[in-house]
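Peer 1: Could you slot chain B onto chain A? The hints should help.
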Amino acid sequence: MSHGEPGGFWTRYVFSRDHKVIGLQYYFTAMAMAVFGGLLALLIRMQVAWPARDWPWLARLLPDAMAGGVMKPEFYLALVTMHGTIMVFFVISMALLGGFGNYVIPLQIGARDMAFPFLNMLSYWLALPAALIMLGSFLVTGGAAASGWTAYPPLSAVKQAVPGSGLGQTLWIVSMALFIVSFTMGGLNFVTTILVQRTRGLSMFRLPLTIWTLLISSVLGLLAFPPLTAAAILLLSDREWGSSFFLPAGLVFGDKPLAHQGGSPLLWQHLFWFLGHPEVYILILPALGIAFDVIAPFVRRPVFGYRSTVVSLWVIAALSMVVWGHHMYVSGMNPLLGEIFAVGTLAITVPFTVVGVNLVASLWGGRFRFDTPLLFVLGLLSFVGTGGLGGLFLGNAVSDMYLHATYFVVGHFHFMIGWVTLFGVFAGTYYWFPKMFGRSLNETLGKVHFWLSFPCVYVVFLTMHFLGFTGMMRHIYDPEQYAFLKPLAGLNQLISVAAFVLFAAQLVFIANFAWSLWRGRRVVDPDPWKANTLEWTAPSPPPHGNWPGPLPAVQAGPYEYGPGAEERRPQSEPPPVAPASEPVA
Amino acid sequence: MVRGRAVAWWLSGAMLGVLVLAFALALRPWFPPIASAHGAAVQKTLDFTLLATGGFLVAGHLALAWLIARAGRGSGEPSAAPSPRTRRLISVLPALFMAAVAEGGVLVLALPVWARYYGPAPADALQVEVTGRQFFWVVRYPGPDGRFGRTSADRVATDDPLGLDRSDPAATDDIVLLNEIHLPRDRPVRLLLRSSDVIHSFWVPEMRVKQNLVPGMIIEIWFTPTLAGQYELACNQICGLGHYRMRGVVDVADPGDFERWLAEQGPESR
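Residue numbers (this note's numbering), protein chains in the order written: chain A, 1 to 585; chain B, 1 to 270.
The shape of chain A in the complex, shown without the other chains (with noise of 0.2 Å):
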């Protein structure tokens, strides 16, 4: 089974198939990516706060997009775009599935690699290029893309619709195309892994949740993001070579009329929710497992209600296929498929409930080590809850038609979506940082790290949803123009001022990072938490094989502390006499 040691330093640091290589690879252009997506948030909030502010020193770094020191309105939805599709596909999706995915699967399945190495490498280089292909975009005439994360055409069809929609948008379809590309290998490479890879004992009701919620957010990336492939190529084909799938008769721009006929802005609208729905819970499954493995070693207990976890998570899963309806609620669908999308979508609530209170309920009775990887996870409970409140009035067709496209829309995403997801990416860097490294992140500094991100969060996203309650439009660009928003000016500059101290928060963490990696106390015991899975029977860092020995064989389940237990119970040994998952008492 283990192949050779990989010799120079090409094919060990670049063109590496080593799991744990590939999921650094993934997780430090994740991490790059974050840092310009966050600036392009920045800029989106100076804009928002200040609008039509004259910004001299900006236009001297950003001459042609703020010419004259004041942001051009195209500028700021080339921004909006990019950020959304920056954050959402090369940041969350990249840390937690390629970054975490990668590094961890085989270490928690006892494994010494993924099934396909070298599927594995191929699929990190194609989403290196896709990344840096969207960044180039800003630099073509006309700039990014325009249309939004969504791409709706005719605006993302046409190519006079928007400035955006010149090459800028033609870039954009192909870079999501090599993502997709890359994300569907990766994708059959987990599945594969996860069922097949997995070591002797180790059955599937013994997997930690953290493999469960990224075989979930697999087989969910397999099925959902096929359809977004087909329509790109199909926008593609609109834009560059004069089909009509989106695009109906009688389109007029600039008092001209267009040749298209028979298509349909619609089509695009199902086939990008197809996937754009099940992308949510693609993201956010992740970082939930990631809290359950976080919540047990801390708290000294077994996981509250782990079967009813994996059988919620699957059939939020199977639901998440069948809701997207529900972003398109004023669209000009059917109205009767309204109804139907609405009751759908608010059966999700039950799975997800139990999975919520199951977290919660995980806190039960515990005395926690308060360590800032369980810091980050009582945050992310904190915004699992008041995000998922959120899906309560968009969920259903009647608020959402007055909330639709409103920055209640985007509190609750970025709560969701955003701030629950890389809370998940916090506490799983602080929890395996001493894994990957043999050297553990600095505790103050992460600790500050939380302390200024968590209310930062609120005051920014929570603020947001009763901006959407006034009705303010979420693309809007100086919000001045309309009576009714010039109210609101004061509110959007105090989060505007919390957004910027956030982004300084994510610094201290990257600062944090680098500062470990050379400097880092070293971490001499494999376990430091006392932690039952499998990666922390290796040693830290793994070698290539993840074992020097051989494979470990599993005989408990991945969360058996007892009742005052402070010792390990590695899924290695044998569990305790008596069963440490039922109460003693």
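None of these hints come from the bench; they were simulated from the model. Hints should not be assumed to be uniformly reliable.
[Claimed, not checked] Incomplete in silico selection of chain B near chain A, CB under 8 Å:
no., residue
1, K210
2, M217
3, Y244
Where a beta carbon is used, it is the ideal one built from N, C-alpha and C, also for glycine.
Peer 2: Same frame as chain A, now just chain B:
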């Protein structure tokens, strides 16, 4: 390893702080006044959901704060796990309760409004057609004959944003306006929504009306304005670089004033 009473208190405090922020925000009146007949029912759905989610938010964060504070006591053994019966209740009850609230909101409060709003308009409804263009609204009344004249994309010109076919007798009395919609109070309005370039969205917060305008489709909704006044009409769907200034005005007048205004409009006046 950190084991601390102080950390636990800070964290519990943070969870309660979330509730303080939420209540501070909720104190301000956010929703605009309701100016349409179905708006009250839309608002009822919003208020019900706000109240229910507010309750869940409080319950969830109190539970978190309590569990964290308890875990920070620092002495004694952790308490035993709850009994299997309690576990089942903890798993099932909140989920069922949440689902009942969520689905109740849809089935009882929402769907009747939804069906009415998208259902056939009353026979006496005033017909108004609104066409979205980059970046303005073209508003058309059918005139005394009650019929809209034919339009075609080939005829669109700077001074004719709809491309009206003048040879069509139905077109002669059509009234075309830009960025302003005049409506009488207390009479149903049947809106025909169209777009001739990209997707736009017709959004009047006070009317509790939002509907996308999709090229290639004529989308119908109806509602009844109940409060005279001027309301801002905003484009709510990203539609290009002028999206932010695609603004219109909805002017709701008393029926007599509206009829007087309508009589003053010659065909195709601006």
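Peer 1: Decide, hint by hint, whether the structure agrees.
Peer 2: Hint by hint, here is what the structure shows:
For K210/B, the interface hint holds, since its Cβ comes within 8 Å of a Cβ in chain A; the closest pair sits about 5 Å apart. Hint status for M217/B relative to chain A: holds, with the closest Cβ pair at about 5 Å, below 8 Å. For Y244/B, the shortest C-beta to C-beta distance to chain A is roughly 4 Å, which falls under 8 Å, so the interface hint holds.
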